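Protein chains in written order, with the working numbering: chain L, 4 to 410; chain E, 4 to 410.
Keep in mind that the hints were calculated from the coordinates and are not lab data.
Note that this is a predicted model, so its numbers are computed, not measured.
There's no promise every hint is true.
Heads up, the list lumps identical chains together, so a pair's fine if it works in one copy or across two of them.
No farther apart than 20 Å at their CA atoms in a straight line, the calculated lysine to aspartate or glutamate pairs in the EDC-like style are these [stated by the list, open to error]: (1) K12 to D119; (2) K273 to E9; (3) K12 to E270; (4) K365 to E20; (5) K273 to E20.
2 protein chains.
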Amino acid sequence: MAFLAERAKHAENALHEENRIAEQLERKGRRVIRLNQGDPPLYFPTPKYMIDAYVRALRQGRTSYSEFTGVGELREAIMRKYRRQGVPLNPEGVIVTAGVSGALRSLNEALISRGDRAILFRPYYTVYIPWLRMAGGYPIFENYNESDRWNIEIDHVTKSIKRLKQGNLLKKVKYMLVTNPNNPTGTVLRRSILEEIVDIANENGILLVSDEIYDEIIYNDATFTSIGRLAKGMPHVILNGASKNYDATGFRIGFAAIPETDRRSMELRKAFANFASVRISNSTPAQYAYAAALSNAVEHKRELKRMVDGIEDRVNYAVKLLAENRHLETVEPNGAFYIFPRIRTDGLKIKDDRGFTTKLLKEECVQVVRGSGFGSPSHFRMIALPPKKELELAINRINRFCKRHSK
Amino acid sequence: MAFLAERAKHAENALHEENRIAEQLERKGRRVIRLNQGDPPLYFPTPKYMIDAYVRALRQGRTSYSEFTGVGELREAIMRKYRRQGVPLNPEGVIVTAGVSGALRSLNEALISRGDRAILFRPYYTVYIPWLRMAGGYPIFENYNESDRWNIEIDHVTKSIKRLKQGNLLKKVKYMLVTNPNNPTGTVLRRSILEEIVDIANENGILLVSDEIYDEIIYNDATFTSIGRLAKGMPHVILNGASKNYDATGFRIGFAAIPETDRRSMELRKAFANFASVRISNSTPAQYAYAAALSNAVEHKRELKRMVDGIEDRVNYAVKLLAENRHLETVEPNGAFYIFPRIRTDGLKIKDDRGFTTKLLKEECVQVVRGSGFGSPSHFRMIALPPKKELELAINRINRFCKRHSK
């Protein structure tokens, strides 16, 4: 009889699997350039006006439990954010969570019974899988198309759903999850693609979930469209929060927005609220800080611009340096702050992406994440948040590393 | 085909089930005395030195993700807390969680497969059940004995385990969970009882879990003993955190301590760490604030004394007023801040505890929680945190209510 439950083996996060090697190197006195985790406050200090709001909440004694679905002020500020975009959200449709991670957990807990399925697109954000698998579900993989700038392969989705229908498996599909802007590719999905996805979800009665945690980190002339603007009348869930746009990962405040009021949306809201009641509360002062930030359009616009301009500059610089490496091929990002180069392993004496990242870390002290951790082998993900000098140092090492291992 | 997963129906929290009635009353202009949730900062402001430490962390830019198992400074401070008590804990044995709730979730996720069992004692803290049931497990109930000041009925436990053995069910028992000091009874368990429980767990290879979140809120001459001091060599888990002793529920920082290093403890540590990696991080500045508080023995001692003296005074006052009511019978608490009176329904024209609490709320605007929400019908739980004037007002209403409904 096993001591641990089966689900424990699904709890893994590819972003951190090489932390131990990195720590060993650091103990030996080496400096590791960590490009594995997307943590903006390490490079762009969390805006002062948000820290001030957080401090104000603390000084005002906002240190008790909050309402379990989130403080009213915050849920109303989130409602206003979406109403401004034409999404008909009410405060009752907002459940505050411990980051998008907390929302993903509730989503899977609410919907996934053993053997259920969810449609995910490769490359996916790595922790979608453990949440789904821990709840007893299995992914059905569709693809973002690298040759179409990582947009969705609609034809493939249509065919795949047809097959699911024929196999009587469609009823097991509990949701379809898109990530826009994407992690790990840094792609902002085209509006026309999103419209097609909405139609497919609608026609087949599939709940559409859109992880939009990077929705304001948009650059290189891209335009972002929330699923909430397209999905009129169709049940859907938007995941978002303070971590990235508001540069406050350590606050641990995210949310699930469920705008519609059809039967399924109402059931899902209720389930999210019930899970929240068992979890009791999220950080109370952090919720007030995020509410204040959402309500301060002037400061937010200025601070966001500063960060996004910086990210655009760093991403484009990194992509340019990576282009000097004939063993890599990179689609230029236009959202978030990740770069997801393809490794042309045919020209290298390295077998796969895992070998690539482990050797790169051990030999060059640069920590990136293997593409197979996102469902797309032969790639790696790196963050482009550090200053250009640091990125240059890291990419010079990556390029040197590839040269050394070329056939 | 159900839209929601089966587990969603287990997500409920008795503490909040009458919130809607309370809110309706408030919308009508009535003032509701809410004695349903144990939230000390509402009545004893979170100590200034902790707020200062929290503000310092924010001003120092500690707003990025933390290490997923918790910031090193905090895990070391927790280690020192236990080492001072003679518990051989290492920082690797500490996993920081989102309150004890977060630790309970990981515990059940790590251990409970469908059909597994956990031994719980009635009355239990209400959310033990949803965490267990959502993971697919079932409780086996033992009892705290009201006539022995809510200590454990050891004989019953021994007999019950014998029966489980005979039925070949013992192998399904994944843990036994005691709450000390207890919620909802306010009882500090006697050391001799704990020693017997440790022996039983040890002899039967059952993992012992001790929820000690109120371990410093001890009064009326009671003495608290951590399971960590008794369980030498036996795998066990201690749950604790900032919420109650440090008067900071809204920080959302708790932890699981797994002191031993036998095979099962090491497996469990690894599982907790893996779950933490999927959850990414807890509030970073709040962890620094709690670390600072744990390391400031002088301030903590002073602030704790102020709060515990206040609680002792309020609890004893409330118990005295409740004693004037011949329809209630109350065991005097000596820890935490709950009172759990027995309702002598035979003398009342009210059928059960649910009827009692709902009517009390509707007629007298006093919100308490039904005992059946803790597995012990014919009782209710109230908090004794508000000032004596407020407690007096509430209990006068309770007494008036009972008189009005007496047979």
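Structure-based check of each hint:
no. : hint        : in the structure
1   : K12 to D119 : both (18 Å within a copy, 17 Å between copies)
2   : K273 to E9  : between (28 Å within a copy, 14 Å between copies)
3   : K12 to E270 : between (30 Å within a copy, 11 Å between copies)
4   : K365 to E20 : within (14 Å within a copy, 55 Å between copies)
5   : K273 to E20 : between (36 Å within a copy, 13 Å between copies)
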